[in-house]
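Enquirer: So the chains spell out like this:
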Amino acid sequence: MKNKVRVKVDGIEVEVDHGSVLLDAIKKAGVPMHSLCQAGELYRGASCRLCLVELPNGKLVPACAFPVSDGLEVQTRTARTLKIRRNTLELLLAYHRIECWVCMRKGDCILVKMAKDLRLDGIPVCAECPLHPNECLLNKGILCLGPLTLAGCDAECPATGGRCWGCRGPITREDIVVRALNRYVELGFTINEVIKTAEIFWSAHPFLEKIKLIAGGV
Amino acid sequence: MTGIKGFIKLYEEIPGVAGHIDVNIKEVDGRYKVRINITQSPRFFELSLRNRKVDEVPIITARICGVCSMAHLLGSVTALEKALGIDMGEKVARLRKIAETVGIIQNNLVHVLVALPDYLGFRNLIELAKAEPGIVRKFLKLNTDVLKAYRNIAGRFTHSHVIDVAYQGKLVTKYDLDKASKILESVSRGAKELLTELVWKWKDIEFKDPVLSYLTVNTQGYPVMGDEIATSDGKVVSVIRYTEIIKEEEMEYSNAKYCTYGGKPFFVGSRARILRSHKDLTKEVDDYMSQLRLDLSNPFDNVKAQFIEAVYLASVAEHELAELANAVGSGIRLYDLSKLQGSGEAVSAIEAPRGLLIHHYRVEKGRLVAANIITPTVMNSKHMEVCCEELVNKLSNEGINRLDALKDYAAALIRSYDPCLPCAVH
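Residue numbers (this note's numbering), protein chains in the order written: chain A, 1 to 218; chain B, 1001 to 1426.
Simulated from the structure, these hints should not be mistaken for laboratory data.
There may be inaccurate statements among the hints.
No more than 30 Å apart at the CA atoms, straight line, and that leaves these computed lysine-lysine pairs for DSBU-like [claimed, not checked]: (1) A/Lys140 / B/Lys1247; (2) B/Lys1407 / A/Lys212; (3) B/Lys1148 / A/Lys116; (4) B/Lys1247 / B/Lys1235; (5) B/Lys1148 / B/Lys1138; (6) A/Lys140 / B/Lys1174; (7) A/Lys28 / A/Lys8; (8) B/Lys1053 / A/Lys210; (9) B/Lys1201 / B/Lys1235; (10) A/Lys140 / B/Lys1082; (11) B/Lys1201 / B/Lys1365.
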């Protein structure tokens, strides 16, 4: 029995040990791959389903659990896999308690990187801001709309010390809004001034009315 | 929108300018009458600023214009800081002046490129890009470089959020400033090369300005930011008394106001700035001025003036950046948000790329009560109209009577002012 097997990942041929999984081959081929294995024990046993790849016969298999065999060919970024990964991540995010401003994994959040890659909205600027060496402006008493604003801009303004004014629009998820507004209150801002600031860019956004309703209950 | 009664539209929607502007024409007793009609719809910025907190005001006013956002931002910040009695110190003031200078360089280079087909004998920029791809590419390269320098100072390519009332968010270090200085050095070199290349290709359009009256900011050195307004007849007026010299009028046919000084139209912009301070410019710039045959009494030569100004300011900003880099030490960063609750009234004058820009605010207990903004295009528009009328009549006396020939000249004249119509109807 041979100790090495040859696998083709997106047309790149790599040699890996017999008995390893597809994800090792993909990593060895240098192909970027979505997966939550780095998140530790949280998603073990191929349960996150983010690393689905397509086999030549059209089957989708999780790369982190599928054993390699000689001559195996896989496609990692087909339209089908990307669509499924996007849906999967959307579901995972819906379950995720987004509270980036107090999160432990500040500055090294895999979710925000993957969400950006898969063009998925719903993560606040606060997730991207700590990727830059920068202090939280809210902690300094400067009203920044980071917790309520959609990420994706690479937090360009907070990264250079400017406030976030919410130019990318609000996050349309109630639970995040509730937590964000609570955070503002904790730090000594009034809900009124937050809403007034948000009106600069979101005055025509339908979700602003919703935020106002939520703010009534906070 | 329907045209003006009795007039015919000579040119509807002039291309190559930001926004919508029409030229209307009417023949009365063998002489043409011209009306410049700004059809851009009004934007009511002054109204939407009311009752805003002072630190939100500059962020909103910067959105008046995407091209000269720095001018509006700094105009706003300076006026509000004056009103509240905030002093950010000498280094921040110098940094802001440099940021505005870099803004002027960037706008001028882009506008020279946009107006260039008129002077190289092409119908539009696409034709120019096909025939002379090298020139267009060089302009775009210069623009990208200036934007990089701008980003090092202001944090973003446009609509900087790091400069605000009593606020300098970005930690500007020696490294940033040195880098920006190096970039501007290469821009200055590149612009000089490009200018020399264009000298022999540039076809002048002969015309004399009928009203050579202008306004600029009055400062030591080249006018960029200041507390006084200088007029072409030698008067110097403190900016708080700006209503004494600038009279704003509503015109029934245009969406923007028109301005006059002493009952006469006047112009602002690069030509006005160079007219005021051409004696103080360096020998090298004088040489470029004579090489490019710059005639400051010709409104068409505003484009040349913009180019020369960009060359001059790039070398000035380069030195100023290098000097400031040695002075900043551990970097500049300041927040002083405690003073934002005061009251007061102030006016600021700043040279936007297109000319004199005035911001006037009244603040009560940290909220804006009244705002008045006069943009350079508003000041220029009456002069534009008078010049256009003179040009059309001059050409028709010379025998050019076909409207489609007249209309191209009229469009080139309007373009040479670099009008920004969204600013005009702010």
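Enquirer: Does each hint fit the structure? Answer for all of them.
Expert: Going down the list of hints, with the structure as the test:
1. A/Lys140 / B/Lys1247: Not OK: A/Lys140 and B/Lys1247 at ~45 Å, beyond 30 Å, violated.
2. B/Lys1407 / A/Lys212: violated, 53 Å
3. B/Lys1148 / A/Lys116: Answer holds: B/Lys1148 to A/Lys116 is near 25 Å, not above 30 Å.
4. B/Lys1247 / B/Lys1235: Within the cut-off at roughly 16 Å; holds.
5. B/Lys1148 / B/Lys1138: holds, 15 Å
6. A/Lys140 / B/Lys1174: Within the cut-off at roughly 25 Å; holds.
7. A/Lys28 / A/Lys8: holds, 11 Å
8. B/Lys1053 / A/Lys210: holds, 23 Å
9. B/Lys1201 / B/Lys1235: violated, 39 Å
10. A/Lys140 / B/Lys1082: Holds, at roughly 25 Å.
11. B/Lys1201 / B/Lys1365: violated, 58 Å
When held up to the earlier numbered hints, the structure conflicts with 1, 2, 9 and 11 and fits the remainder.
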